[in-house]
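Visitor: Listed here are the chains, written in short residue letters.
2 protein chains.
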Amino acid sequence: MVNKKNTPITGITVSKNEDFSAWYTELVKKAELADIRYNVKGFVVYMPWATITIKKMYRKYEDLLDKNGHMPLVMPSVIPESNFNLEADHVKGFAPEVFWVSEAGSEGEKLAERLALRPTSETALYKMYSYWIRSYNDLPFKRYQSCQVWRYEGKMTRPFFRGREFHWIEAHNCFATEEEAINQVKEDMEMTYTMLQDEFCIPIIFFERPQWDKFSGAVSTYAADALMGSGKVLQLPSTHLLGQNFAIPFNVKYVDKDGEEKYCFQTCYGPAISRIYGAMIAYLGDDKGLILPFDLAPLQIVIIPILIKNKEEIVLNKCKKLFEDLKEKYLVKFDDSEDSPGSKFYKWELKGVPLRIEIGPRDIEKNQVVIIKRHDGKKLFIKENELEKNIDKIANNYTRELKEKELLDFEEQIEICYEKDSAKKAIENGKIVCCGFCSIDMKAYPCAEKIEKELGAFVRGKKVTDEKHEFSTCIGCGEPATCAVYIAKSY
Amino acid sequence: MVNKKNTPITGITVSKNEDFSAWYTELVKKAELADIRYNVKGFVVYMPWATITIKKMYRKYEDLLDKNGHMPLVMPSVIPESNFNLEADHVKGFAPEVFWVSEAGSEGEKLAERLALRPTSETALYKMYSYWIRSYNDLPFKRYQSCQVWRYEGKMTRPFFRGREFHWIEAHNCFATEEEAINQVKEDMEMTYTMLQDEFCIPIIFFERPQWDKFSGAVSTYAADALMGSGKVLQLPSTHLLGQNFAIPFNVKYVDKDGEEKYCFQTCYGPAISRIYGAMIAYLGDDKGLILPFDLAPLQIVIIPILIKNKEEIVLNKCKKLFEDLKEKYLVKFDDSEDSPGSKFYKWELKGVPLRIEIGPRDIEKNQVVIIKRHDGKKLFIKENELEKNIDKIANNYTRELKEKELLDFEEQIEICYEKDSAKKAIENGKIVCCGFCSIDMKAYPCAEKIEKELGAFVRGKKVTDEKHEFSTCIGCGEPATCAVYIAKSY
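The listed protein sequences correspond, in order, to chains A and G.
Positions 0 to 490 (numbering that gives the first Met the number 0) are the ones given, in order, by the first sequence.
Positions 0 to 490 (numbering that gives the first Met the number 0) are the ones given, in order, by the second sequence.
In case anyone wonders, no lab produced these hints; they're calculated from the structure.
All values derive from a computational prediction rather than experimental measurement.
Keep in mind that a hint or two might mislead.
Each pair may be met inside one copy or between any two copies, as identical chains are not told apart.
To be verified - Here are the simulated DSSO-like pairs of lysine-lysine, each with C-alpha atoms no more than 27 Å apart in a straight line: (1) 343 <-> 256; (2) 66 <-> 55; (3) 59 <-> 328; (4) 319 <-> 141; (5) 343 <-> 141; (6) 332 <-> 66; (7) 66 <-> 326; (8) 252 <-> 28; (9) 59 <-> 326.
Produce the complete structure using the sequences and hints provided.
Guide: Shown next as structure tokens:
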């Protein structure tokens with residue numbers, strides 16, 4: 000082999016299992032996903048390798064929203080303070096997180112009214128809805144926008160997971176009846192499963208959040224928790240039943256068939272694409288670096304020549320021909336740089352390229368190529384004349400394999416607990432606890448506070464579907480239980 | 000015909016030729032492209048019909064940038080004041096237009112440092128470039144982002160044309176030599192011709208802007224003026240040769256092959272997609288409403304049944320079948336609403352749907368369908384068994400026809416003038432004036448001011464290519480001319 004001189008070990012030096020946080024930081028840095036050196040706290044740069052995947056994720060999500068009857072629009076990113084203040088619970092929840100634009104121009108002229116950088120767009124959009132929605136003919140009214148939002152977060156920020164600016168889609172829908180609104184919430188949950196589980200290979204489960212943890216201004220919130228392994232969860236998209244809480248102050252009304260003016264029922268849904276990206280790379284990655292679903296990889300196939308003296312040309316030509324054959328259909332790179340093969344392997348594994356094709360003189364003699372799958376490291380020897388057919392099959396199966404490998408069995412992570420001490424132990428052992436609770440209404444908040452303090456874990460809420468478990472007493476106060484809840488540590 | 004009862008005339012009531020401004024306002028409102036009722040001055044909502052087209056324009060532009068070796072990234076949208084102040088001319092030019100974020104949270108806590116909402120991203124990005132670019136191996140370094148920018152505009156705003164928030168792409172490139180930077184400027188101009196003329200059907204011409212009209216901080220600016228007809232122009236994408244003006248204060252350096260540290264040469268390019276959309280609909284539209292290139296239309300084909308009593312079913316079935324045949328390939332709608340055919344014609348002409356297919360009982364008897372092209376109103380009678388082939392041909396030709404019809408002959412709009420009085424008359428007669436000028440350096444600024452005052456028109460600069468005209472004296476001061484310039488009214 001030639002060119003052994005440039006073989007820097009670029010791999011990750013910390014094990015994911017031993018120190019997730021340090022591993023993630025190295026992954027983000029070494030795979031060149033984000034740069035945290037931007038000189039404003041909580042704001043980071045998304046580098047090309049992450050940006051390309053995030054754009055693909057947006058496209059898939061937008062296509063699904065379009066298919067389900069939503070239409071895209073673009074709202075201003077500033078919200079006048081007077082709009083923002085219209086819904087009392089909402090302003091109470093979001094005011095601490097708002098960045099305010101209060102001056103402009105060279106002299107720092109004060110604006111007549113302060114403008115909030117949107118932390119979310121209900122209070123921008125619903126004032127417009129009061130102009131746009133006139134009659135029952137306009138309903139259902141389903142809109143979304145792809146944009147960024149800003150939140151003056153006090154918590155520790157981490158690239159993609161949590162920052163003061165993040166990139167999301169927000170869908171805002173209006174209906175004539177509460178029933179239709181509830182159906183929309185169900186559709187939102189289905190979309191979430193389709194996108195997060197089937198496309199992005201992140202195992203999730205939906206919980207109805209306790210009242211103390213719902214979206215500010217909502218009637219109720221249904222949130223997907225990603226199962227990150229070891230009993231830890233991460234909140235991903237949530238969908239909110241708003242009832243008429245916003246429709247009344249924002250005057251979102253329609254004239255019904257009977258000629259009467261009625262307030263709409265509303266829902267909103269906010270998949271944070273940048274955060275989902277963070278969850279995906281954190282969940283799927285390993286100690287060699289990124290692992291990505293096939294469709295989402297910026298580069299899907301890399302071809303690496305294995306060069307032996309005096310046989311360079313035949314190998315390079317074979318590689319070039321293969322590159323030409325594949326490039327119409329796949330995102331493919333022929334890496335003919337001067338680095339050593341080993342160094343190239345490291346690099347493209349770190350970057351999460353799904354398939355690596357190696358071609359050396361002996362492979363050419365045997366009329367074969369070698370394909371290595373990134374997600375399981377398996378090596379496949381494929382006859383040259385069967386390559387095209389096989390590549391398509393391997394590509395098509397890649398994401399499905401990844402998903403099947405990675406979808407955690409939720410039940411396996413659960414430990415059923417009847418009292419606090421065993422729950423504490425279960426949490427310490429990396430489990431998600433299922434237990435009885437007095438309720439998920441505000442009156443149960445003291446129990447949740449106690450749990451948080453004593454267990455260092457949070458009440459995630461009631462499972463949305465098929466709750467099989469029943470409990471007689473609340474784990475917090477010992478009073479009769481009205482529901483089963485799940486308690487877990489969270490990122 | 001049935002259902003004549005709902006036939007509101009939804010068309011535009013003002014003629015574009017008679018009152019462009021009122022016509023544009025009606026177009027934007029009646030075709031539901033933007034809503035100007037958002038309660039912050041200079042900020043508007045982009046409605047779905049415009050948003051869908053703008054997204055398609057972004058995608059085409061991004062694909063071309065990718066093809067030309069740029070990579071996408073995402074920058075924070077706020078810039079710390081200390082970065083912003085690093086390049087003196089830049090800050091002088093942009094400071095009057097900056098919105099400042101200066102407080103956050105419920106109590107309006109003052110931020111340690113004011114944050115500018117980016118008016119453009121040089122001062123955000125180039126600080127990062129100083130980290131990222133190390134050696135000649137990293138060059139050329141070509142990046143872009145798709146984002147919005149904010150400018151505290153004093154001028155009158157108009158939806159899409161000019162607003163305090165607009166949506167653009169900005170590409171920022173670094174090179175080892177000035178020559179490569181100049182070549183990038185040329186590539187940017189070629190991309191602009193490809194996108195604006197070939198894809199968006201807007202006739203443009205590039206001028207090197209006078210020094211008093213260049214981008215703040217640039218060495219020189221090359222800007223596309225859209226030829227809007229009647230001698231008026233509108234500034235569209237511009238590309239800027241930055242030289243080392245930013246590289247020095249931002250420390251954007253590389254180690255060359257000879258081991259020496261050198262400053263990069265930089266360029267930047269900013270196609271404002273929302274503004275280009277405005278120019279496109281303004282330029283292509285007519286008194287019936289929108290006209291759009293085929294690829295950019297949110298809906299490409301609308302099928303309208305012509306119903307006659309007792310023959311409804313056969314017509315509706317035929318339409319439905321056609322809809323099913325076409326929907327895999329095109330964005331098609333079968334409009335079976337209860338409105339009258341005339342009312343449907345109005346509506347979809349207003350919305351700029353490229354092809355309307357009409358099917359009535361007589362067409363079915365003759366085994367034909369009727370296709371009406373929006374851009375020229377031509378009616379085509381197509382045999383049913385030749386429909387598929389013909390639709391493809393008509394669709395493929397639509398944008399080319401539109402372009403050929405709409406590409407103004409620049410030469411025809413020009414009037415050669417040798418002194419101010421004839422130039423004044425030419426401008427009044429809706430011409431673009433070509434004349435001699437002392438130069439386009441700062442020392443010629445008094446001449447330009449005089450022209451602006453006396454002619455109500457602006458020196459757009461020197462034509463970038465093939466200047467055939469020569470002049471002996473400057474139209475402003477009568478001194479010897481060093482170049483030919485073009486003078487025009489602008490939007």
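Visitor: Could you run down the list of hints and mark each one as holding or not?
Guide: Hint check:
For the homomeric pair residue 343 and residue 256, the shortest alpha-carbon distance between copies (23 Å) is at most 27 Å, but the shortest distance inside one copy (67 Å) is not. Proximity of residue 66 and residue 55 under a CA criterion of 27 Å is satisfied in both settings, with 17 Å inside one chain copy and 17 Å between copies. Taking identical chains as interchangeable, the C-alpha atoms of residue 59 and residue 328 lie at most 27 Å apart whether they share a chain (18 Å) or sit on different chains (19 Å). In this assembly of identical chains, the alpha carbons of residue 319 and residue 141 lie at most 27 Å apart only when taken from different copies (25 Å versus 49 Å within one copy).
For a Cα distance limit of 27 Å, the shortest separation of residue 343 from residue 141 across copies, 23 Å, qualifies, whereas the shortest one inside one copy, 47 Å, does not. Taking the closest pair of Cα atoms, residue 332 and residue 66 come within 27 Å of each other only across two copies (14 Å); inside a single copy the shortest separation is 33 Å, beyond that limit. In this assembly of identical chains, residue 66 and residue 326 lie within 27 Å of each other by CA distance solely across copies; the values are 13 Å between and 29 Å within a copy. Proximity of residue 252 to residue 28 under the C-alpha cut-off of 27 Å is restricted to the inter-copy arrangement: shortest distance 21 Å between copies versus 50 Å within a copy.
In this assembly of identical chains, residue 59 and residue 326 lie within 27 Å of each other by CA distance both inside one copy and across copies; the values are 22 Å within and 20 Å between.
Going down the numbered hints, you'll see the structure goes against none, and every one checks out.
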